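With the hints as extra help, turn the sequences into a complete structure.
Just so you know, the protein sequences line up as chains V and E, in that order. Residue numbering for the first sequence follows the working numbering, beginning at 1 and increasing consecutively. Residue numbering for the second sequence follows the working numbering, beginning at 1 and increasing consecutively.
It is worth saying that the hints were derived from the structure and are not from the lab. Predicted model only: the values in this text are computed from it and were never measured. Possibly wrong hints are sitting among the right ones.
Part of the chain E face toward chain V, derived, beta carbon under 8 Å [unchecked claim]:
| id | residue |
| --- | --- |
| 1 | Thr133 |
| 2 | Met134 |
| 3 | Met139 |
| 4 | Gly153 |
| 5 | Thr156 |
| 6 | Arg158 |
| 7 | Gly167 |
| 8 | Ala225 |
| 9 | Gly229 |
| 10 | Ala265 |
| 11 | Val287 |
From the three backbone atoms N, C-alpha and C, an ideal C-beta is built for every residue, glycine too.
Number of protein chains: 2
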Amino acid sequence: MIWTSGWRLASAVSNAGGLGIIGSGSMYPEVLKEHIQKCKAATHSSFGVNVPLLYPDIDKLMKVIVDEEVKIVFSSAGNPSTWTKFLKEKGLKVAHVVSSVKFAKKAEDAGVDAVVAEGFEAGGHNGREETTTMVLIPMVRDAVKIPILAAGGIATGRAMLAAEALGADGVQVGSRFAASEESSLHQNFKNLITQTDEGGTMLTLKQLTPVRMIKNKFFHQVQEAEMRGASKKELAELLGKRRSKTGMFEGNLDEGELEIGQVAAAIREIKPAAKILEELWNEYVEVKRKIVFD
Amino acid sequence: MIWTSGWRLASAVSNAGGLGIIGSGSMYPEVLKEHIQKCKAATHSSFGVNVPLLYPDIDKLMKVIVDEEVKIVFSSAGNPSTWTKFLKEKGLKVAHVVSSVKFAKKAEDAGVDAVVAEGFEAGGHNGREETTTMVLIPMVRDAVKIPILAAGGIATGRAMLAAEALGADGVQVGSRFAASEESSLHQNFKNLITQTDEGGTMLTLKQLTPVRMIKNKFFHQVQEAEMRGASKKELAELLGKRRSKTGMFEGNLDEGELEIGQVAAAIREIKPAAKILEELWNEYVEVKRKIVFD
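In structure tokens:
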């Protein structure tokens with residue numbers, strides 16, 4: 001949720017009964033500090049911080065998180081054994097994002113409290129196995145004892161209930177909240193999400209780290225390069241350093257990297273986060289009742 | 001289900017309370033006739049025939065189906081408006097396989113009785129949009145009024161219930177029955193399915209028609225050709241005419257095209273079809289009860 005989930009979105013979700021998460025991957029340590037402080041001022045409920053473990057200044061991020069007495073960390077993109085013990089000793093709860101059974105087991109072994117099992121349909125960085133949420137969750141359920149949060153493709157109450165049926169204890173909702181009023185994405189990109197059709201996103205950059213993004217001009221440049229066998233070096237140069245900021249935060253829909261899940265095709269309206277949560281919950285309850293009593 | 005579902009598997013599934021389907025895509029018309037006749041002799045229950053509409057001798061296949069008084073056709077890989085009216089006039093029920101909302105609507109407009117909405121995780125031929133079952137089913141549910149059968153990633157009772165939550169009226173189960181005792185796949189391939197790990201299948205041949213298959217030697221040849229920008233002609237020549245027969249029916253695990261779903265990673269045992277159906281149903285009922293009462 002880089003460039004997407006700052007204090008506004010996180011506190012809105014927490015105030016509405018969810019667990020809001022600040023995405024720190026696009027923040028300098030001092031920026032994260034400011035977001036945490038503003039989030040604490042805006043909600044009395046719990047919230048968490050997502051930390052990509054490959055973040056260059058990870059020590060500084062972790063110091064901010066502990067100093068600011070954040071209670072929950074969602075770690076991703078890295079080895080959970082590096083930081084889990086430290087965070088647990090400080091009294092935090094840790095969930096780690098995985099895209100395979102293999103890494104779910106490793107996360108459990110590293111002592112995390114829960115795993116977020118994220119399918120191929122999710123936006124942004126993704127696993128090389130391309131395992132979908134439908135296939136991934138029952139396998140992770142059989143493999144680990146700790147709670148599982150399902151992610152990838154979940155933007156409706158129907159999908160929440162499906163995740164529960166598959167064996168998840170909860171869900172992580174990304175794309176749906178990306179198109180919320182409180183998300184910090186550029187308005188151009190929010191509007192584009194609501195116009196994205198099926199097949200409008202694709203997993204690409206597979207020679208580097210696979211990322212799901214909108215099929216815009218930049219995407220097609222990447223595809224063209226990959227199809228003619230471009231080297232990793234050339235691809236890394238094409239990607240550059242601030243593609244996601246250019247697209248997601250600054251709203252350049254041609255040149256930017258626009259990370260969003262496949263489920264964008266089902267998102268037609270930008271809404272307040274509280275309204276999204278209410279609709280998700282109401283549909284979940286309604287479909288559950290229907291399945292039981294019809 | 002080419003090279004997979006002949007009269008033995010179809011009748012076993014129908015006898016166990018499911019709707020068995022004969023896959024005609026790999027059969028000459030006279031071979032299909034024999035399978036239908038043997039299936040009728042082996043079960044008093046209904047069964048269907050799957051027909052890829054791009055089959056070269058489609059007229060002859062359809063004549064066999066009507067002459068043999070088959071009651072249900074599952075059509076795929078082609079335009080449903082070509083044959084639906086003919087089949088409906090003969091009193092048959094028609095379901096059409098789609099991988100997108102767009103084609104689900106077209107199938108409904110063509111007058112089919114149901115759509116099979118098949119996600120990216122499914123084995124064999126697949127859609128270009130790469131939409132997963134989790135994302136596809138709720139969108140199709142909102143778009144059409146006719147019944148929906150969910151397909152792709154469904155090999156457990158958990159996934160059956162998830163499909164129901166997503167809005168499906170039923171499920172189509174492929175890969176799980178491919179690894180049944182009654183399937184006509186070569187024993188080598190059945191054994192390989194039970195050893196396939198996560199990431200062991202991949203959607204490839206995207207320049208031609210996307211197909212999900214096991215990552216064997218042939219797969220890597222295709223990938224290598226695609227990565228150096230091989231022409232469609234070269235890819236078609238590499239594929240050749242009998243790759244799937246070589247692998248799936250004759251058991252050549254290096255040179256053959258081995259079509260199977262991503263969910264192979266969750267299939268560890270070859271079982272009788274009746275046992276598979278019983279386990280699917282029992283798990284479905286058990287998980288449903290648990291979700292309601294826990």
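Against the earlier hints, flag every one the structure doesn't satisfy and list their numbers going up.
8
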